[in-house]
Amino acid sequence: MINKTVKNAQEALQGITDGMTLMLGGFGLCGIPENAIQELLRLGVKDLTCISNNAGVDDFGIGLLLQKRQVKKMISSYVGENAEFERQLLSGELEVELTPQGTLAERIRAGGAGIPAFFTPAGYGTEVGEGKESREFNGKMYLMESWLKADFAFVKAWKGDTAGNLIYKGTARNFNPMMATAGKITVAEVEELVPAGELDPNEIHTPGIFVQRIFQGEKYEKRIEQKTVRTV
Amino acid sequence: MSLDKHGIAKRIAQEVENGMYVNLGIGIPTLVANYLPQGIEVVLQSENGLLGMGPFPTEDEVDADLINAGKQTITTLSGSSIFSSADSFGMIRGEHVHLTILGAMEVSERGDIANWKIPGKMVKGMGGAMDLVASAKNIIVAMQHTARDGSSKLLKNCTLPITGLNCVKKIVTDLAVIEVTDKGFKLLERAPGVSVEDIQKATEGHLIVEGEIPEVQL
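As given, the protein sequences belong to chains G and A, one line each in that order. Numbers 1 to 232, taken from the UniProt record's numbering, label the letters of the first sequence in order. Numbers 1 to 218, taken from the UniProt record's numbering, label the letters of the second sequence in order.
Quick caveat, the hints were computed from the structure, so don't treat them as lab data. Errors might be hidden in some of the hints.
Cut-off 35 angstroms, straight-line C-alpha distance, at most; resulting in silico cross-link-like pairs (DSBU-like, lysine-lysine) [unchecked claim]:
| hint | chain 1 | residue 1 | chain 2 | residue 2 |
| --- | --- | --- | --- | --- |
| 1 | G | Lys184 | G | Lys72 |
| 2 | A | Lys137 | A | Lys121 |
| 3 | A | Lys124 | G | Lys222 |
| 4 | G | Lys140 | G | Lys222 |
| 5 | G | Lys227 | A | Lys170 |
| 6 | G | Lys46 | A | Lys117 |
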């Protein structure tokens, strides 16, 4: 089996340069590639285009990259919860392409699956549709949306093996499986890295073909945005 | 007496039927889960990738890898399933989700909805709202009838950027239950003690009143 293992985040991010387009998995702070983000901060690469459903919070996730002005453009569906983001956006320092969440997921899936464009009803008749081709199918209007690809895709999984096969846990799956397919170089960081053969092939969510580099991450903080509990 | 947010949620809960897959938006819609009719089976979808959303966890059950679309910690139920965002919106776009309940800033008499942006003030993004309103077979909006300054939020035409056209089927506000028809807002029920005149005054769009209008029964 081809071995995709690299030592750590430092090795996994080799080749990354200013101006690149990146995908970063996660929904809010759930399932984000914490180690890759730390390494991006350490490297200080800038003028990045980041494709990610959200932009983190002020002091965690992609919010950390925004604080250091490393991001030129975000492609996201929801960027609340981040005051620095809003400040940079309103002052024009940061460019943002807001995309409906399902459209974003499908654009990434299309990028990985070799489908340059598709039609979706989401956003027809709204600002999102301005300048885009629209077409009627069975009496309903649809917008044409195009694929997204990235120079590097950073995904976070629960378990992975040396062949790059991935298993996600809970709703930390979210955008990670599609992003894994759409990176020229996909870097997977996992909580537990095992030798090929130890994961049941029936249980794999992302087949190793999509993953170029894999490493076991460290010090996962897994911050919770809205801790809500019930009392028994 | 007008309905408070729990009253609005209770009234919307009456619209939920046995066997439905339902997506609840953030805010009042989330409360609907607390008032679902006894004895029916309903599956709640959370668009970040979960079918069968359970209650909030106990302190011991809290799992950072298990949240809903409002980023709150939650639990699964027996029979729950977890999937990617692409699969999740496939369910939504493919009309497999029967009912969407969400909040709005404005609704027009044709059923257009605005709920994602206030130019120059709020730029948080649309999240999954545009996908949901473009595809759901049945959309119920939970909202206040008027803004804080008393201006109507049920309008001839939305003034804020649109989330989706011609999609809202029913609106439950603090004052009334309204069906969106080809001819405008049809008044179905009024909140306890609220008169048809009160509702008329609070509604800028065309309000259709036919016969006696009953009070909401909770």
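Verification of the hints:
1. About 20 angstroms separates the Cα atoms of Lys184(G) and Lys72(G), which keeps this hinted pair within 35 angstroms; it holds.
2. The straight-line distance between the Cα atoms of Lys137(A) and Lys121(A) is roughly 32 angstroms, inside the 35 angstroms bound, and the hint therefore holds.
3. Between the alpha carbons of Lys124(A) and Lys222(G) the distance comes to roughly 23 angstroms, so the proposed pair stays at or under 35 angstroms and holds.
4. Under the criterion of a C-alpha separation no larger than 35 angstroms, the hint pairing Lys140(G) with Lys222(G) is inconsistent with the structure, at around 42 angstroms.
5. A C-alpha spacing of about 32 angstroms is found between Lys227(G) and Lys170(A), which places the hinted pair at or below 35 angstroms, so the restraint holds.
6. For the hint linking Lys46(G) to Lys117(A), the alpha-carbon distance of about 29 angstroms falls within 35 angstroms, and the restraint holds.
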